[in-house]
Each structure stands twice: as C-alpha cells, then as structure tokens.
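S.K.: Residue strings, one per chain:
There are 2 protein chains.
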Amino acid sequence: MLDDISLNIQPDTIYGLLGRNGAGKSTLFNIITNRIPMSAGEVTIEGEPIANNDRVLNRIYLMSEGNLYPSRMRVGEIFKLTAGLYQGMDLELVSNLTQQFGLDVKTRFNKLSTGYRSILKLIIALSVDVDYVFLDEPTLGLDANHRELFYDALLDSYAKRPRTFVISTHLIEEIANLIEQVWVLQNGHITINESTEEMLQKGYAITGPTEDVVAYTAGLNVIGQDQLGNLRVNYVYGELVGDRAIPDTVSVSHIDLQKLFVNLTSQEVATVEN
Amino acid sequence: MLDDISLNIQPDTIYGLLGRNGAGKSTLFNIITNRIPMSAGEVTIEGEPIANNDRVLNRIYLMSEGNLYPSRMRVGEIFKLTAGLYQGMDLELVSNLTQQFGLDVKTRFNKLSTGYRSILKLIIALSVDVDYVFLDEPTLGLDANHRELFYDALLDSYAKRPRTFVISTHLIEEIANLIEQVWVLQNGHITINESTEEMLQKGYAITGPTEDVVAYTAGLNVIGQDQLGNLRVNYVYGELVGDRAIPDTVSVSHIDLQKLFVNLTSQEVATVEN
Numbered sequence: 001m002l003d004d005i006s007l008n009i010q011p012d013t014i015y016g017l018l019g020r021n022g023a024g025k026s027t028l029f030n031i032i033t034n035r036i037p038m039s040a041g042e043v044t045i046e047g048e049p050i051a052n053n054d055r056v057l058n059r060i061y062l063m064s065e066g067n068l069y070p071s072r073m074r075v076g077e078i079f080k081l082t083a084g085l086y087q088g089m090d091l092e093l094v095s096n097l098t099q100q101f102g103l104d105v106k107t108r109f110n111k112l113s114t115g116y117r118s119i120l121k122l123i124i125a126l127s128v129d130v131d132y133v134f135l136d137e138p139t140l141g142l143d144a145n146h147r148e149l150f151y152d153a154l155l156d157s158y159a160k161r162p163r164t165f166v167i168s169t170h171l172i173e174e175i176a177n178l179i180e181q182v183w184v185l186q187n188g189h190i191t192i193n194e195s196t197e198e199m200l201q202k203g204y205a206i207t208g209p210t211e212d213v214v215a216y217t218a219g220l221n222v223i224g225q226d227q228l229g230n231l232r233v234n235y236v237y238g239e240l241v242g243d244r245a246i247p248d249t250v251s252v253s254h255i256d257l258q259k260l261f262v263n264l265t266s267q268e269v270a271t272v273e274n
Numbered sequence: 001m002l003d004d005i006s007l008n009i010q011p012d013t014i015y016g017l018l019g020r021n022g023a024g025k026s027t028l029f030n031i032i033t034n035r036i037p038m039s040a041g042e043v044t045i046e047g048e049p050i051a052n053n054d055r056v057l058n059r060i061y062l063m064s065e066g067n068l069y070p071s072r073m074r075v076g077e078i079f080k081l082t083a084g085l086y087q088g089m090d091l092e093l094v095s096n097l098t099q100q101f102g103l104d105v106k107t108r109f110n111k112l113s114t115g116y117r118s119i120l121k122l123i124i125a126l127s128v129d130v131d132y133v134f135l136d137e138p139t140l141g142l143d144a145n146h147r148e149l150f151y152d153a154l155l156d157s158y159a160k161r162p163r164t165f166v167i168s169t170h171l172i173e174e175i176a177n178l179i180e181q182v183w184v185l186q187n188g189h190i191t192i193n194e195s196t197e198e199m200l201q202k203g204y205a206i207t208g209p210t211e212d213v214v215a216y217t218a219g220l221n222v223i224g225q226d227q228l229g230n231l232r233v234n235y236v237y238g239e240l241v242g243d244r245a246i247p248d249t250v251s252v253s254h255i256d257l258q259k260l261f262v263n264l265t266s267q268e269v270a271t272v273e274n
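As given, the protein sequences belong to chains A and B, one line each in that order. Residue numbers for the first sequence follow UniProt numbering, beginning at 1 and rising by one. Residue numbers for the second sequence follow UniProt numbering, beginning at 1 and rising by one.
Bound conformation, chain A alone:
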C-alpha cells in the first residue's frame, strides 16, 4: 500500500505525521523502524538509510498502538523490564510522570483502560535514552487534562534533552503548536513535507458572496468549500495571485492546521480502515 516514500529525518526536530484513518501511518512507522520492509523508496536518518542499519536502529524508539506487554505483568514490572532493555532510561522522569498521571504501578497491564495503556507507553517513550522517538496516537483515550499534561511533558523533555519526535495523531489542532514540520500521508504517498509555519502561511479562507469568491479564486488551488445561503467560503492552499485585486466584498483570512488538513484530504476515497 505504501511505496516510493522518500523521507530524510533530521535530528532535534518535532514532526507531525498527519493522515486520514487508514492512510497507512502505522505502516509507515513500522517501515521506518524496520519492522516491515518497503518495496520502493527510501527512509534515511541524518542521511543514512535505516534499512538493516543496526547503528541507526539502536537510536530509535517506537511507541505503537499495539499492546506489547504480557497481559498479567504489573506496571512497575514493565518499567523495570524496559529499563533493563534500554540503557540510560530516565528513571526519575518515569517516577515523576507516573505520579503526575496518577498511574498505579501495581496495576496489571490487562486491567488498564485504553487511556492508561497510552499513558504507560508514553511515559516509557519519553524516558528512554534514544535520539528518535516515534509516537503513534499517543493520546488515544486520554482526557483533556491528561493530554495537556502530555504536551507539557513532551516539550519539557525536549527542552532538557533535544531529540527528534515524530507524532501521529487525529487531534491535529492540539499539536499544531508543538510540531515544526508536517508530513501529510495520502494514498500511500507523502504529499506534503513542509514546515508548519510555511504550511499555515499557504492556507487561506476566502469568504464572501458566491459569485465574487468564485471569480476571485479562479485558477487558484481551491481545496474545499463551505456554503451558507449565498455566503461562500473557498479554502485555498498555495499562493494567491499578487496582482489580482481582492474585491471589497471578499475577505481573506488564514485557517488553522486541522481545517487545512481536513480540506486537503477530504477528496480522498474513503476506505474501510484495516
């Protein structure tokens, strides 16, 4: 399904991997971390191909959606097991976050709710001593307070020990301020690989009477629209024509990252996820 993906992942950067349900985000994570092979294309880290490259792979950690731990193992035992596998794990951070999130170390893995499974996994992901951390839906099942706590902990951890994070999530607006670079995955390809700032600068909502909006946006890259009576909003991704005068009846504003993503990907053929 995924092929011909070309990505070079840079050090000390926070990336957002955005894609519809079923677009292949988890598959891409598994390719990057060498769990499944890719037929064509190449993923490099700091310019080095990752395929079967142990030196690079040892610097990577993937927090995946799957549940990897023995179901009857307790939270505290899972931490100990992980600390044994990953040298240099920050046990003080594990302890602080465990307390802040209210995670009980005596609970068995299979007794944790979806939210607390995510919490356990994200605590480990933030505490292992690696240079590249991949987070697949880290906030699944978390309430608003816990999500805020996670975003704060991530930024705090990044400030103390800069490294690369790649975050995949459906809560796009909530991570818009965290991520420096956006990858949009569509139909098996990375269709956008751009800094968050540049991407936001290219997204516009053109609002006004239908006729005027349609005339003004003719020839522009219109990615979506809303209609309310005769009021029309055309969403544009790309440059506006500098020498084309904006009619008085029409207003131009920027849109947020989630709105931009929704419009960019709404034409995608809907498929049942797997």
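Think of the hints as simulated: they come from the structure by calculation, not from any bench. Keep in mind the model is a prediction, meaning the values are calculated, not measured. Mixed in with the good hints there might be a few duds.
Residues of chain B clear of chain A, computed beta-carbon distances all greater than 12 angstroms [stated by the list, open to error]: (1) 21; (2) 41; (3) 55; (4) 59; (5) 64; (6) 72; (7) 73; (8) 81; (9) 90; (10) 147; (11) 237; (12) 240; (13) 254.
FRET-style restraints, in silico, Cβ to Cβ [unchecked claim]: (14) B:230 with A:66: 36 to 46 angstroms; (15) B:211 with A:240: 45 to 55 angstroms; (16) B:92 with A:173: 29 to 39 angstroms; (17) B:193 with A:46: 52 to 62 angstroms; (18) B:177 with A:238: 23 to 33 angstroms; (19) A:193 with B:95: 30 to 40 angstroms.
So the derived list for chain A, only partly shown, Cβ under 7 angstroms to chain B, looks like this [unchecked claim]: (20) 20; (21) 115; (22) 143; (23) 144; (24) 145; (25) 148; (26) 170; (27) 172; (28) 254; (29) 258; (30) 262; (31) 266.
Glycine included, every Cβ here is placed at the ideal spot set by N, Cα and C.
Given the coordinates of chain A, work out where chain B should sit on it, guided by the hints.
M.R.: Frame of chain A; chain B shown alone:
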C-alpha cells in the same frame, strides 16, 4: 460511585456531559437509560422520573461505548435489525450518512476498526425516531474529517427534527459550539449545570507579573495557574470583584471551554479508570 445526582432533562436541547476519565459518565448514561439503578437522587425528563417509566424510556436512545452487535453480523444487517426494533427510523438518512462516511454495508461488525464502529453506531443514533439521544464518546477513533462530518450531520438532523442530544466526549473544544448546556461530572456529583454561554462568561485568565496577579485575584475563585518565569496566569471561575481596579500590568481575558474544564477538574484525585 454515583449518587445523589439530580437532573431534569429538557426537550430540544443539546447538552454536553463533561468529566475526567473514570468520573462515571458512562455509568450516568446507564442510570439515565434505566440500565442500572441509582441509590439516591433522581433523573427526570420533562419533569417525569425515568426510573421504570416505560413511556419515557421508549423515547430514549443510548449510543454506548459497548459493542452490542453480533460480531459476524454485517453492517447492512445491523441497520435492518435496528429498523425493525425502532419504528420510524430514517432510512434515507442512514443511506446518505453511510455513503458520506464511506462505510461499507457488507463489512462484518468484527472487521470494523474502532473508528468505523463509532460511525456505524452514530449513524443509527442520528436516524432513530426518539426524542432523547445519548451519545457516549461518539467520535472515538474518528479522524478530523469524519469528526467534522459528524458535527455537521448532528446539527443538520437537529435543525430538521429538533430533539434532545446529550454528548459525552473528551474533545471538548470541538463540541463547544454545538452544546447549549454543560454538565460537569466530578467525584460522583454534577458540580456544574449551566448554559455554555454563562459558563464561558465566568471563566477568566488573569495574566501579568506574579505579585500583581496574586494580589488582584486574592479572594477570587482561582481554579488553576500557569507560571513562566515571573509571568503568572491565574484562571478564575466566577465573578470578578467589580469595584476592584485592574492593575495596568495585568490583563484579563476569557478562556475556552476545554481550558476551563481542565482547570476546574485538575485538582480531582487521579484514579485508575475502570
């Protein structure tokens, strides 16, 4: 865990039921729909107690987190089954939404992803002919596009056939514009039952040098704070003191519903969810 809840649910109103993970939102839904009994307190609909009141209960539909359908039944068969159970189901709406969400009617229930299970259940919830619809985490697993489609479909359906919706979700900011009335569930009690508008009017961020902010907010209902160097934000819920002058160094602004909720409930004892 829940007791002494007193609620009267009004016709043609969209409510938001907000609570931390484990606060008991699903339990409350099960009490309201008479699936489990409540030890103390009373829930009424249009003033009528619902306990064992078939006439009222027949006008209620609950979309729950549980998976109620035979695992090998196909989506189309589930629709047929439901149409048989609930007279007057809007089959045209079922068909339109099925197409818009890209749900395949031939897929078996156990082959649907979390997102598409939610989609199947919310299509049914929007299409049954009842006066009170309870939606427990309707957007679980949905991507941003599907969430937007759901919010539009809900408003559209409400406009065509006004009725009551009660929505429980962790994506508070996304439903802030949909809901007219907010219930906050904390420690087994409804601690806030207020119109969204009034609630938002009572939420403030007081920002400035720590000393000035602390002095100005003394005696106010401070529900949370952020600190960055000497810059302090105190979050207040309630009235400001009208005759107390706001220092020039201090700025006062309103906060959004999610921020308000996070601060109101952050002191709650964190517990492992069940």
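S.K.: Does each hint hold? Answer for all of them.
M.R.: Results of checking the hints against the structure:
no.	hint	in the structure
1	21	4 angstroms, violated
2	41	24 angstroms, holds
3	55	36 angstroms, holds
4	59	30 angstroms, holds
5	64	15 angstroms, holds
6	72	16 angstroms, holds
7	73	16 angstroms, holds
8	81	20 angstroms, holds
9	90	21 angstroms, holds
10	147	8 angstroms, violated
11	237	15 angstroms, holds
12	240	25 angstroms, holds
13	254	18 angstroms, holds
14	B:230 with A:66: 36 to 46 angstroms	45 angstroms, holds
15	B:211 with A:240: 45 to 55 angstroms	47 angstroms, holds
16	B:92 with A:173: 29 to 39 angstroms	33 angstroms, holds
17	B:193 with A:46: 52 to 62 angstroms	55 angstroms, holds
18	B:177 with A:238: 23 to 33 angstroms	29 angstroms, holds
19	A:193 with B:95: 30 to 40 angstroms	39 angstroms, holds
20	20	5 angstroms, holds
21	115	5 angstroms, holds
22	143	4 angstroms, holds
23	144	5 angstroms, holds
24	145	5 angstroms, holds
25	148	6 angstroms, holds
26	170	5 angstroms, holds
27	172	6 angstroms, holds
28	254	18 angstroms, violated
29	258	5 angstroms, holds
30	262	5 angstroms, holds
31	266	6 angstroms, holds
Checked against the numbered hints given earlier, the structure breaks hints 1, 10 and 28 and satisfies all the rest.
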